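*Asks:* Below are the chains, spelled out letter by letter.
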Amino acid sequence: MQSITLFAHYLLWHYTRAYSDLLHIAGNLLWFLYHFFSIPELTRTWFAPWKRLHEEPGSIINMSDYLSGVLMNLIIRVIGILLRTILITVGFCILALGALLTILALIIWTALPFIIVFSFIAGASIAFF
Amino acid sequence: MSATLTKNISRALTAERFVSSKKKRALISIGNMLVLGFAALVLASYRVQELEALRLRLLGAFLMIASLLLILYLLEAYFRSLEMHAVEECAGGKYSFEALCVLHSDSTHSLRAFLSHELGQLILKRAGIPPRNVSALAREREIKSETPSVMDFEHSASRTEGRVTLGSIASALSDAYPAFAQVLAEHAVTKEEFAGTAEWIERERSYTRRVLRWWSREALARIPGIAKDWAYGGTYTLNRFSFDYSSSASLPFISPRRREREIRALEAILARNREANALLIGASFSQCTDVIKGFAREIAMGAIVPVLEHRRVVILETALLLSSMSERAGFERTLLSILGEAERAGNIILVVDNIAALIDEGARIGADVMNVLERALASQHLHLIACTTGELFRTELASNTALLARMQTVEVRELTESELIALYEERGSAIARSERILFTYPALMALIKSALAFPGDEPAEELIYDRLTELAPWALAKNIRVIGRRECEEFLKEKIGVSIGGGIDSAAQVVNLEALLREQVVGQDEALTAVANAVKRNRADIRNLQRPVGSFLFLGPTGVGKTETAKALARVLAGGEDALTRFDMSEYAGADALERLIGDAGTQRAGELATRLHEHPNSVILLDEFEKASREVHNFFLALLDEGRTADAHGKMMNARNALFIATSNAGADHIWWLTGEGRDIAAERQFIIEGIIHDGIFAPELLNRFDAVVLFKPLSHENRVAIAEKLLSAFAKRLKEKGIGLEINAYLKDRVAKAGEDKAFGARPLNRFIQDFVEQLIAEKMLTGELKPGMTVSFAPSEQNWDEMRVQIQN
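Protein sequence lines correspond, in order, to chains A and B.
Per our numbering, numbering through the first sequence is continuous, rising by one, with the last residue being 129.
Per our numbering, numbering through the second sequence is continuous, rising by one, with the last residue being 812.
If we strip away everything but chain A, and leave its shape as in the complex, we get (with noise of 0.2 Å):
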């Protein structure tokens, strides 16, 4: 009898509340994704100079040293945003995956008794007729 009850629970379970936890599962490891590639601080940083490099400029009477540094400053900045942008596209597409992976889970979650069902009697007849 109490096996009867356990396996009525277990079924409300997988079919209600397994839900919620693996939906709870995976929006953890999607909000590791998201913060394990810096999105946050990549996007409020985005046009910030890479490692806070910075040439002085110098005076603007000496236009060659001032346009060299503003160059070089600019070329610094450049090289963040390339970078950053690269991490962040990386960072979303995996994400990406993240969800699709999750979906996926969810299907096989839903299947998986009948799977499991069907994988036995399908051995059961394989091994014995």
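I should point out that these hints are in silico values taken from the structure, not numbers from a laboratory.
Any given hint could turn out to be false.
Here are the computed lysine-lysine pairs in the DSS-like style, where the Cα-Cα straight-line distance is at most 30 Å [said to hold, decoys possible]:
(1) 495(B) <-> 125(B)
(2) 293(B) <-> 51(A)
(3) 51(A) <-> 228(B)
(4) 737(B) <-> 750(B)
(5) 495(B) <-> 478(B)
(6) 755(B) <-> 727(B)
Anything over 10 Å on all C-beta distances counts as not near chain B; from chain A, calculated [claimed, not checked]:
(7) 55
(8) 56
(9) 70
(10) 72
Listed below are several chain A residues computed to face chain B (Cβ distance under 10 Å; list not exhaustive) [claimed, not checked]:
(11) 42
(12) 60
(13) 62
(14) 66
(15) 118
(16) 122
(17) 129
This structure is a prediction, so every number in the text was calculated from the model and none was measured.
Here a beta-carbon is modelled for each residue, glycine too, at the ideal position from N, C-alpha and C.
Using the hints provided, position chain B relative to the given structure of chain A.
*Replies:* Below, chain B alone, put in the same frame as chain A:
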């Protein structure tokens, strides 16, 4: 039991009962092995011809076993989910989940439920009690005789903040079932220790549960992300001389929170707009490190004010920096560069691990470190934490006003006993897991108590850690797998000469103490009984470990046996008179008395008492003529006898908890003489004598109260003096016998010697002098003249004219 269960908790408990975790683990392991085995066979069937015919059947079996294993895994996930939700629900409730698990395993009988549940058995085992013995004993005595259906555990939940936990159940069970309490007592486990063990198991379960939840944000947040520092400046020079505490490996994970006060103080200081600099003062550098680690963890977990979020806690290794730089310019340039990088980077909290060494050692190569630091400390962008010890602060930094003006001090306090227990439960478990041994809770408590009661130079937590680390290999070398209290005490006694039970003495000697003392001290039976009783009280494992082993004040006239009793105590309890150190307190009456005892920070002079206690914490300290010491010295002893420890002038802790203090004094002698003269019993007039001493202002009443016993010594009677004379003459006779000469100790000789001590002012002291001046002298003269030769016996008789005049008689 009055807990009402929600549907979730009820299901979780049913699931918990349905399959015990041991069975579940065993089934899953078997399933895993079978699946792997069949998978291997299926693959092998493609290569091995004999198996080819069986391939389909093997595949079928593999599918069937894999399906069954999958069911087991799903059930495991189901139970875990139920448990997690039930634990979350219980978090705010009156009962902890573990408590409910135990109580619901058998709702008809609480003790049976406890003894049969795997948690109950684990608690017994961890308390050092073999579960089988207890189950059999308690079942026999309790379960058959009475069956109280349910118990109310809520009344015993006061120690766990009103919640019913495994601890409160353990405590309530030992209250409710006397025979069970008896079983605990038979294994020398107190109710508090049993409850503490249960709490330990509960905390461990909670810890394991959190470790298993690898997907929780708390666990995932430990994994450092990439590109976190792209928006911040590079710290190339700093990286060469520093260590990053924010890296995941150095952060403590899930361990119980401690040093909350210091961490919050650091947070408040470092969140300021400018001069965000803190000076951490600990008893040792490791205490400071503990705070820094806790602080770094709070940052990593995001449990910090927004302005400090995402910052790296980087520790500048002073020793490495100083050893790499030998000349001033290079050192100053590097230090400036480090400070500049830390300032510009924008995400650095710089920790200087030993600021005093940095300033001092810098000065040795001519560098003005303060000048370099001062500008950086005033900056808006630098966040700096400097570490130092209390001793270094007093000697090196307290006078550095420039530094203190820019930094706010945070004192690291010692961990409380409960924090120490929580910390060492965790470390004890870790060592036990790696060494495959078992630490019982009473053993852990003995270790903690020993460190608190007999502290060394290091703070208690370091002492415990060292001893815990040493204890495991010690046990393994002796092939001990379960370390109980007895093993722990044996280890402590062997390694550091400390006996938790009673300090410097051994139990057998204490039992016979009175008889042993009486062999050595004559005529003071009441006083010796009082001393022996006080020592027995201390030794019976019930003494307060926060005070010295014993402290006595011996009052009475001169020469009645006070110092002799002290020496006898040293011989019996500490193994010899070498352990006795005599301080003539009449020498500590001047203005510099206290400095002479505990040292002087100004002149760097070490204190005489401080040196003795540092070198020999097991000493017997005799404070002769204690009444003659200055009031300041009396007040110092008032504190020392009360706490058992105090700092010397150099800030080093003087540990007197393993020492025995005996103060002697002639105070009250007049009263004692008068009362004896009146034929009254001084023991009955004790209060009168003590009140007289207080009234005369010789000792303050609070000082008298600090002694374990104030013992009165009465004047010696003629019979006492005769007995002493016999004792002294016997010692002399023994020396003569070594030269082959016999001494006949007749009644006349004893009486004559005893008569020499009739002067009340000097007690028994003149007896020894008389023996030296007359008896020894006369015998020496006879030996020199050749009248007395080896093989002869000498005796004394009165001369015919005068009884007092002694005549030497020699027999062949």
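*Asks:* With reference to the structure, classify each hint as holding or not holding.
*Replies:* Hint-by-hint comparison with the structure:
1. For the proposed pair residue 495(B) and residue 125(B), the alpha carbon gap of about 26 Å is at most 30 Å, so the pair holds.
2. With a CA separation close to 26 Å, the supplied pair residue 293(B) and residue 51(A) stays within the 30 Å bound.
3. Between residue 51(A) and residue 228(B) the alpha-carbon distance is near 10 Å, which keeps this suggested pair within the 30 Å criterion.
4. Among the hinted pairs, residue 737(B) with residue 750(B) is consistent with the structure: their alpha-carbon atoms are about 18 Å apart, no more than 30 Å.
5. Proposed proximity of residue 495(B) and residue 478(B) is supported: the alpha carbons are some 14 Å apart, at most 30 Å.
6. For the given pair, residue 755(B) sits about 15 Å from residue 727(B) by alpha-carbon distance, which is consistent with the 30 Å threshold.
7. For residue 55(A), the condition that its CB be more than 10 Å from all CB atoms of chain B holds, with the nearest at approximately 14 Å.
8. No beta-carbon of chain B is positioned within 10 Å of the beta-carbon of residue 56(A); the least distance is around 13 Å.
9. With a least beta-carbon separation of about 20 Å from chain B, residue 70(A) lies farther than 10 Å from that chain, consistent with its non-interface assignment.
10. For residue 72(A), the condition that its CB be more than 10 Å from all CB atoms of chain B holds, with the nearest at approximately 16 Å.
11. With a least beta-carbon distance of about 6 Å to chain B, the hint placing residue 42(A) at the interface is held under the 10 Å criterion.
12. Hint status for residue 60(A) relative to chain B: violated, with the closest Cβ pair at about 25 Å, above 10 Å.
13. Taking 10 Å as the C-beta contact cut-off toward chain B, the hint placing residue 62(A) at the interface is violated, the least distance being around 25 Å.
14. Residue-level restraint check for residue 66(A) is violated (minimum Cβ-Cβ distance to chain B is 23 Å; threshold 10 Å).
15. A least Cβ separation of about 9 Å between residue 118(A) and chain B falls short of the 10 Å threshold, and the interface hint therefore holds.
16. A distance limit of 10 Å between C-beta atoms decides the matter here; for residue 122(A) the minimum to chain B is near 6 Å, and the interface restraint holds.
17. The criterion of a C-beta within 10 Å of any C-beta in chain B is met by residue 129(A), whose closest approach is roughly 9 Å, and the hint holds.
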